[in-house]
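Participant: If you want the building blocks of each chain, they are given just below.
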Amino acid sequence: VNYKAQLSREGKLGISFSMTKKIFSSNFLLLISFIFLLGFHQKELKVKDDRGKWIVLSNSPRRIISLAPNLTEILFLLELDSKVVAVSNMCDYPPEALLKSKVGSFNPSIERIISLKPDLILATTAGNRMETIRRLETLGQSVFVTSPDTFNKVLKSIVSIGRITDKEKLAVLKAEQLKKRMELISSQVRELPRPRVLYVIWNQPLMTTGGNTFLSNLIRLAGGRSISEDIKQNIALLSREEIIRRDPEVIFLPAFQEEKILKEFLQQWEILTAVKKGSVYQLNEDLILRPGPRIVDGLELMVRTLHPEAFVEK
Amino acid sequence: MLLKSYRALLRLAAMISGLLILSIICVGIGPTSIGYRQTIKILWQAFLGNHFSPEDVNAHIILSIRFPRVFLGALIGAALAVAGSIFQALIRNPLGDPYILGVSSGSVLGSVIGLSLGLGATFLGAQLSSFAGALIAIVIVYKVACIGGKIHTTRLILAGVIISAFFSAIAMFIFSLSESSTVKGILFWMMGDLSSQSMSNILGVAPSIFIGIILLYLLSGKLNLIMVSEENALQLGVNVERAKKVSFLLCSFITGAAVAVSGAIGFIGLVVPNIVRFIWGADLRIHIPISAIAGAALLMMSDTLARTLMSPAEPPVGVITAAIGAPLFIYLLKGRV
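Read top to bottom, the protein sequences are chains A and B. Adding 61 to a residue's 1-based position in the first sequence gives its number in our numbering. Adding 2 to a residue's 1-based position in the second sequence gives its number in our numbering.
These are computed hints drawn from the structure, not numbers from a lab. Be aware that a few hints might be false.
Claimed, not checked - Quick list of in silico lysine-lysine cross-link-like pairs, DSS-like style, CA-CA up to 30 Å:
#1 A:Lys107 x A:Lys161
#2 A:Lys163 x B:Lys43
#3 A:Lys240 x A:Lys230
#4 A:Lys104 x A:Lys214
#5 B:Lys43 x A:Lys178
Please work from the sequences and hints to get the whole structure.
Facilitator: Right, here's the structure in full:
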């Protein structure tokens, strides 16, 4: 009996050995490579958004909807043009974004969004309603929300969007390039005296930026100092008296539709140093107010306006 | 008498089926073209309890987006119209409306305080803070209007307008302290918005509104007598003050529930009961159900316009109800005089 058992064991061993060999020779390798392929293909993406919420995608997104212009610019920067299925009505840059289908602006059509079957939706806290975001989430959508309040966080949001869209390498590279450019520009004005800046977001009533915003941060990087830096809210409403007391040396205005409004504004604020010196400028708002990749162009524009002398030697 | 109530019942049945057909039409309309045949098929399958695969986008749109909105529109429209119709009966004045009596502003303020205290995150918290605001408003208005145990209509309206202005001012003050992005969101909600509620939230308020309307309907006999003459009602054994208090309370309750989910949608509470009274008379037993149906229909249609007019952008539905309600009301008023 023992002998038989040994034999059969040997026989079995023999068989299994040859099988292992066979498996190794063809099928097993195939299987392993298949698993690897699957592993690369079904890459789980898990990134924390600016709300501190983990957004988990089982696959790299192929149908992305952007609900704000700065996010659209970031997506195009990351070469995701073909993955963007729709954008908000305000998204006008790059020009290709105008060709994408539209889902609305501040109160977009939820139905429109769902009908486009997105696998990732990007939104901001500044340009979208929390209710919209929540409603989309209850309908089972993945919504990635950004709310950058400093220049560095704008760069960080580019990287985090890169990670959730499976474009991390490119995003890190682009963010680094932007950061280098930013440092080069702002290093030229860091030691220069800082003029007091009034950035007018809206003129009637006069709204300017509070201290905890990337705009306030941008003015600092550009070698200026916002007169409303000390105000905690995002939007600061200063009284006439307070503005006169803080006496800005430079004023940035929105692009008014009519020349008349500009004239009226200058008349109304004759008393300010900025108006007396003629240091009132209208900059391209899209470069400055959108926390996206073109923010560095906005920075350069602002530096050239605040400190033209810094660029003379170059 | 029997024949009369039979006719009334028949009319009610006809109106309810009309409302149902209208709601299906509203569900069928939207920025995505789905088609009525497909819409009805999806609704019917859902009614039979069949499930759809999550891949079926049309079914998802019909069942999770359009149907909840249309249903919410009907619910809120009915609640506001009934609240308006009871207020008008109680103060014997066509100006009676949750807005004018300060109830809407009260619940808006309640919701805003709830939101800034973080209570708004939970559904029950939002409901309760909204209702508490409505209740506080109506109690103050009631106390101011009450002299020697009797309510003076003029004083009631005046008190309502003043409390409304005061509460709105406090709400505005709270906005001015909060972050700008939330302010824009809250302002949008204040104008009335049906777009952001999920079905579970809607089903959360539905019972309160249904029960409120039914209880008010049960009171309609007594309220009819009170509306004609409080002394006669007293002589006929009606506890006038209690009936009035309970009705005010119920109206505040359904208004608060409505405001908590949809913000303050104007004009429905004012216009619908008046139109219904022009056409079908003031008998509350008829007036309440017809107002509910007409309010539901008007808000459903207004919201459908809001969804499609500027698609894919959506204006708040309060803008549409005002745009439809005001001219309609003026037309009827002029036509009658």
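Participant: Each of the hints needs a verdict: does it hold here or not?
Facilitator: Status of the hints after comparison with the structure:
1. A:Lys107 x A:Lys161: OK: Lys107 of chain A and Lys161 of chain A at ~27 Å, within 30 Å.
2. A:Lys163 x B:Lys43: Given pair Lys163 of chain A, Lys43 of chain B holds - Cα atoms ~29 Å apart, limit 30 Å.
3. A:Lys240 x A:Lys230: Given pair Lys240 of chain A, Lys230 of chain A holds - Cα atoms ~15 Å apart, limit 30 Å.
4. A:Lys104 x A:Lys214: 26 Å, holds
5. B:Lys43 x A:Lys178: 21 Å, holds
Against the hints set out earlier in the document, no violation occurs for any number.
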